[in-house]
Amino acid sequence: EAEVAQSPRYKITEKSQAVAFWCDPISGHATLYWYRQILGQGPELLVQFQDESVVDDSQLPKDRFSAERLKGVDSTLKIQPAELGDSAMYLCASSTSDSNTEAFFGQGTRLTVV
Amino acid sequence: GENVEQHPSTLSVQEGDSAVIKCTYSDSASNYFPWYKQELGKGPQLIIDIRSNVGEKKDQRIAVTLNKTAKHFSLHITETQPEDSAVYFCAASPGDMRFGAGTRLTVKP
Chain A
1 EAEVAQSPRY KITEKSQAVA FWCDPISGHA TLYWYRQILG QGPELLVQFQ DESVVDDSQL
61 PKDRFSAERL KGVDSTLKIQ PAELGDSAMY LCASSTSDSN TEAFFGQGTR LTVV
Chain B
1 GENVEQHPST LSVQEGDSAV IKCTYSDSAS NYFPWYKQEL GKGPQLIIDI RSNVGEKKDQ
61 RIAVTLNKTA KHFSLHITET QPEDSAVYFC AASPGDMRFG AGTRLTVKP
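From first to last, the protein sequence lines are chains A and B. Counting from 1, one number per residue, gives the positions in the first sequence under the numbering used here. Counting from 1, one number per residue, gives the positions in the second sequence under the numbering used here.
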């Protein structure tokens, strides 16, 4: 069964350091989402891609976060510099289109900033 | 943008009882309403979804109802089992998917 792949599963980094997460969506899925999930809360959308284009990044803290999906396939989310408040689960999801279809989630990357 | 509110935040039921989780949304353009189950340390998994042209959908012990006029939708789980214990999220989508805060369901044997 096709899955959304994310790496690493866990990451511990010191504050002010740079950190990057990688996501490989299900093959053929044009839409890719990055979500941040703080413990005990629902996923919060950070950025949505349609192929290689950003559709929505209104909730992305652009002073320190960046995301790219250069070839419209896999994607990287970067934080520089990391802050203590960035500790959370970072989830990637993909779907076949940008509305009315199931989003498939990866296992997530749990980030701890110390 | 869309705002989704979910209640209750925690729910404890006895095995075999029913569980109901409710969500409201704000954007009248929303037309897709999925429910996800998230187990500890894993990503959310879709358990059922409903589109705006349907008022109710059922899949074995799970059902979802939608009231577009009132802008609310509910998840119903019947004959609950201990393996139903997890965090459940509702979401609403007119394009980008916004999630509720989650309901931690505990099913006591």
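Since the hints were made in silico from the structure, they are not lab data. Note that beta-carbon positions come from the ideal geometry of N, C-alpha and C, so glycine has one too. There may be inaccurate statements among the hints.
Said to hold, decoys possible - Derived CB-CB ranges, DEER-like:
| hint | chain 1 | residue 1 | chain 2 | residue 2 | range |
| --- | --- | --- | --- | --- | --- |
| 1 | B | K68 | A | Q17 | 39 to 49 Å |
| 2 | A | Q80 | B | Q81 | 19 to 29 Å |
| 3 | B | S9 | A | V54 | 16 to 26 Å |
| 4 | B | Q14 | A | P81 | 43 to 53 Å |
| 5 | A | V54 | B | K58 | 30 to 40 Å |
| 6 | B | R51 | A | A5 | 39 to 49 Å |
Said to hold, decoys possible - Partial chain A-side listing against chain B, Cβ under 8 Å, derived:
| hint | residue |
| --- | --- |
| 7 | A2 |
| 8 | A5 |
| 9 | T112 |
We went through each hint and held it up to the structure:
1. Checking the proposed 39 to 49 Å range against B:K68 and A:Q17 shows it holds: the Cβ atoms sit about 47 Å from each other.
2. For the pair A:Q80 and B:Q81, the beta carbons lie near 45 Å from each other, so the given range of 19 to 29 Å is not met.
3. Hint check: B:S9 to A:V54, Cβ distance near 32 Å, so the stated range 16 to 26 Å is violated.
4. Separated by about 49 Å at the C-beta atoms, B:Q14 and A:P81 satisfy the suggested range of 43 to 53 Å.
5. A hinted range of 30 to 40 Å holds for the C-beta pair A:V54 and B:K58, which are about 38 Å apart.
6. Range check, B:R51 to A:A5: Cβ separation about 29 Å, and the 39 to 49 Å hint is violated.
7. Interface hint at A:A2: violated, since its Cβ lies 14 Å from the closest Cβ of chain B, which is beyond the 8 Å cut-off.
8. Hint status for A:A5 relative to chain B: violated, with the closest Cβ pair at about 11 Å, above 8 Å.
9. At about 14 Å, the closest approach between the beta carbon of A:T112 and any beta carbon in chain B exceeds 8 Å, and the interface hint on this residue is violated.
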